[in-house]
Amino acid sequence: KNQVEQSPQSLIILEGKNCTLQCNYTVSPFSNLRWYKQDTGRGPVSLTIMTFSENTKSNGRYTATLDADTKQSSLHITASQLSDSASYICVVSAGRGGYNKLIFGAGTRLAVHP
Amino acid sequence: DAGVTQSPTHLIKTRGQQVTLRCSPKSGHDTVSWYQQALGQGPQFIFQYYEEEERQRGNFPDRFSGHQYPNYSSELNVNALLLGDSALYLCASRARGLNSPLHFGNGTRLTVT
Chain V
1284 KNQVEQSPQS LIILEGKNCT LQCNYTVSPF SNLRWYKQDT GRGPVSLTIM
1334 TFSENTKSNG RYTATLDADT KQSSLHITAS QLSDSASYIC VVSAGRGGYN
1384 KLIFGAGTRL AVHP
Chain R
81 DAGVTQSPTH LIKTRGQQVT LRCSPKSGHD TVSWYQQALG QGPQFIFQYY
131 EEEERQRGNF PDRFSGHQYP NYSSELNVNA LLLGDSALYL CASRARGLNS
181 PLHFGNGTRL TVT
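Note that the protein sequences, when read in sequence, are chains V and R. For the first sequence, the residue numbers in this note's numbering are 1284 to 1397. For the second sequence, the residue numbers in this note's numbering are 81 to 193.
No lab work stands behind these hints: they were computed from the structure. From the three backbone atoms N, C-alpha and C, an ideal C-beta is built for every residue, glycine too. Please note that the accuracy of each hint is not assured.
[Claimed, not checked] Which residues of chain R face chain V? A few of them, derived with a C-beta cut under 8 angstroms, are:
#: 1; residue: Gln136
#: 2; residue: Pro181
#: 3; residue: Asn186
[Claimed, not checked] Derived lysine to any residue pairs resembling SDA-like cross-links, with alpha carbons at most 25 angstroms apart:
#: 4; chain 1: V; residue 1: Lys1384; chain 2: R; residue 2: Tyr149
#: 5; chain 1: V; residue 1: Lys1284; chain 2: V; residue 2: Ala1377
#: 6; chain 1: R; residue 1: Lys106; chain 2: V; residue 2: Ser1314
#: 7; chain 1: V; residue 1: Lys1300; chain 2: V; residue 2: Ser1341
#: 8; chain 1: V; residue 1: Lys1340; chain 2: R; residue 2: Leu161
#: 9; chain 1: V; residue 1: Lys1384; chain 2: R; residue 2: Ser153
#: 10; chain 1: V; residue 1: Lys1384; chain 2: R; residue 2: Glu134
#: 11; chain 1: V; residue 1: Lys1354; chain 2: R; residue 2: Gln124
#: 12; chain 1: V; residue 1: Lys1354; chain 2: R; residue 2: Gly138
Kindly produce the complete structure, drawing on both the sequences and the hints.
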């Protein structure tokens, strides 16, 4: 069964600190993995995409990693800001061409406190 | 360039009623999908439309139906509403291409009383 599990479920950190969010998946065949940020009351917005051959990709203070062997991804946030408070959703695409199936994680709710 | 727009933003309905939610995709996008997001949960895939036909469907009953128009806009219809249908309904559009990201609207918050 295709599944995406995220941890922790929620996280509280102080402004300026770093944090790492985890995503484990059992999806086959794997196509790509994307991290989305969802602010309260808004739709999710794509942060970064990881394909099978990519290990690390950065987008500003966000760095995503992918280990295709262990089927794990992480999202590292550096020097957190209050605006980083949001839910972070890991989405894995399964399939080979055509319209792939997207499997969503339940998200990690991050709260950054001053 | 407008992104994905959804209407209405909020809606309150009574059990047993029917509801229609609307979505206009981002300019240049031809594929629209709908998601149900319960509080504190990730989005759950309802169905996807392309070329005015339903192409994929998640584990939702037939009470959930949709439509896509020639201009790519889409509707989600839910019949015989249940209390458990209360959720945020998200519409997303995407361009063609395996790695094209989903662009989400800000959703319609449906409350069933």
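*Within 25 angstroms, alpha carbon to alpha carbon, are lysine 106(R) and serine 1314(V)?*
With Cα atoms ~24 angstroms apart, lysine 106(R) and serine 1314(V) stay inside 25 angstroms; holds.
*asked:* For the restraint on asparagine 186(R), tell me whether the closest CB of chain V is nearer than 8 angstroms.
replied: Holds, because the Cβ-Cβ distance from asparagine 186(R) to chain V comes to roughly 5 angstroms (cut-off 8 angstroms).
*Would you mind confirming whether the straight-line C-alpha gap from lysine 1384(V) to tyrosine 149(R) stays at or under 25 angstroms?*
Holds, at about 23 angstroms.
*Regarding the pair lysine 1354(V) and glycine 138(R), is the alpha-carbon distance no greater than 25 angstroms?*
Roughly 24 angstroms between the alpha carbons, so the hint for lysine 1354(V) and glycine 138(R) holds.
*Classify the hint on proline 181(R) as holds or violated, based on whether any CB of chain V lies nearer than 8 angstroms to its CB.*
holds, 4 angstroms
*Does the structure keep lysine 1300(V) and serine 1341(V) at a Cα separation of 25 angstroms or less?*
This hinted pair holds, its Cα atoms lying about 18 angstroms apart.
*Given hint serine 153(R) paired with lysine 1384(V) - CA-CA distance at most 25 angstroms*: Roughly 21 angstroms separates the two Cα atoms, so the pair holds.
_Status of the hint placing glutamine 136(R) at chain V (closest C-beta pair under 8 angstroms)_ = holds, 6 angstroms
*Is the Cα-Cα distance between lysine 1354(V) and glutamine 124(R) 25 angstroms or less?*
holds, 22 angstroms
_Holds or violated: lysine 1284(V) and alanine 1377(V), Cα atoms, limit 25 angstroms._
holds, 11 angstroms
*Quickly compare the C-alpha distance for lysine 1384(V) and glutamate 134(R) to 25 angstroms and report which way the hint goes.*
The hint holds at about 14 angstroms.
*Satisfaction of hint between leucine 161(R) and lysine 1340(V), Cα-Cα up to 25 angstroms*: violated, 43 angstroms
When held up to the earlier numbered hints, the structure conflicts with hint 8 and nothing else.
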